[in-house]
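Q: Sequence:
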Amino acid sequence: MFCTRSACTRVKIMQGGAHAIFHLHNDCFKLIVHLYITLNNILLQRDFVPWLSDFGTARLLSSDFSNWTAVVGLMATGLQCDVYSFGVVALEIMMGRHPGELLESLSENRGLYLKDLLDQRLRSPSSQLAAGVVSIVTVALACMSTDPGS
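Position 136, counted from 1, in the sequence shown is what UniProt numbering calls 136; the numbers after and before it change by one each time, with no gaps.
You may find that some hints are simply not true.
Cut-off 20 angstroms, straight-line C-alpha distance, at most; resulting in silico cross-link-like pairs (DMTMM-like, lysine to aspartate or glutamate) [stated by the list, open to error]:
1) K115 x E92
2) K12 x E104
3) K115 x E104
4) K30 x D54
5) K30 x D47
6) K12 x E101
7) K12 x D47
To be clear, the hints were calculated from the coordinates, so they are not data collected in a lab.
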């Protein structure tokens with residue numbers, strides 16, 4: 001894990017991860033659904049630029065399928081899987097641990113404070129960086145929502 005890497009580094013990693021997933025889902029000639037986004041599948045360069053790896057289970061979805069119902073179903077499910085997984089990874093990076101307990105708390109509708117979610121080894125971020133941290137946690141929680149329309 002990142003041990004005591006700064007909040008700035010963690011925000012940079014998550015922004016890069018979000019760009020990578022957006023690229024797979026929107027910018028490629030054929031839609032790519034990764035299906036296995038985990039912390040272990042995000043590789044970091046020396047300057048902490050993230051690279052998404054392990055496309056062993058990824059699916060290329062093309063417009064030349066004969067059964068469009070199956071394609072649309074796989075596409076929706078795969079995209080939802082990638083989005084949810086990104087939310088889990090984002091929280092894991094910001095919390096410094098797997099968000100399993102948090103998921104339990106969310107399902108029980110218990111109140112949570114951002115300061116209790118963040119990795120306690122991090123120094124308090126500057127106000128500008130704090131906005132980025134809040135955005136990442138907000139997006140992560142939205143990615144993991146059971147009601148995407150909310």
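Q: For every hint, state whether the structure bears it out.
A: Cross-check of the supplied hints:
1. With a C-alpha separation of about 14 angstroms, the suggested pairing of K115 with E92 holds against the 20 angstroms cut-off.
2. A C-alpha spacing of about 27 angstroms is found between K12 and E104, which places the hinted pair above 20 angstroms, so the restraint is violated.
3. A hinted pair counts as satisfied when its Cα atoms are at most 20 angstroms apart, and K115 with E104 qualifies at roughly 18 angstroms.
4. A C-alpha spacing of about 18 angstroms is found between K30 and D54, which places the hinted pair at or below 20 angstroms, so the restraint holds.
5. Taken as a hint, the K30 and D47 pair is broken in the structure, with Cα atoms around 30 angstroms apart against an allowance of 20 angstroms.
6. A threshold of 20 angstroms between alpha carbons decides the hint, and for K12 with E101 the separation of about 25 angstroms lies outside it, so the pair is violated.
7. With a C-alpha separation of about 10 angstroms, the suggested pairing of K12 with D47 holds against the 20 angstroms cut-off.
When each numbered hint is compared with the structure, violations occur for hints 2, 5 and 6.
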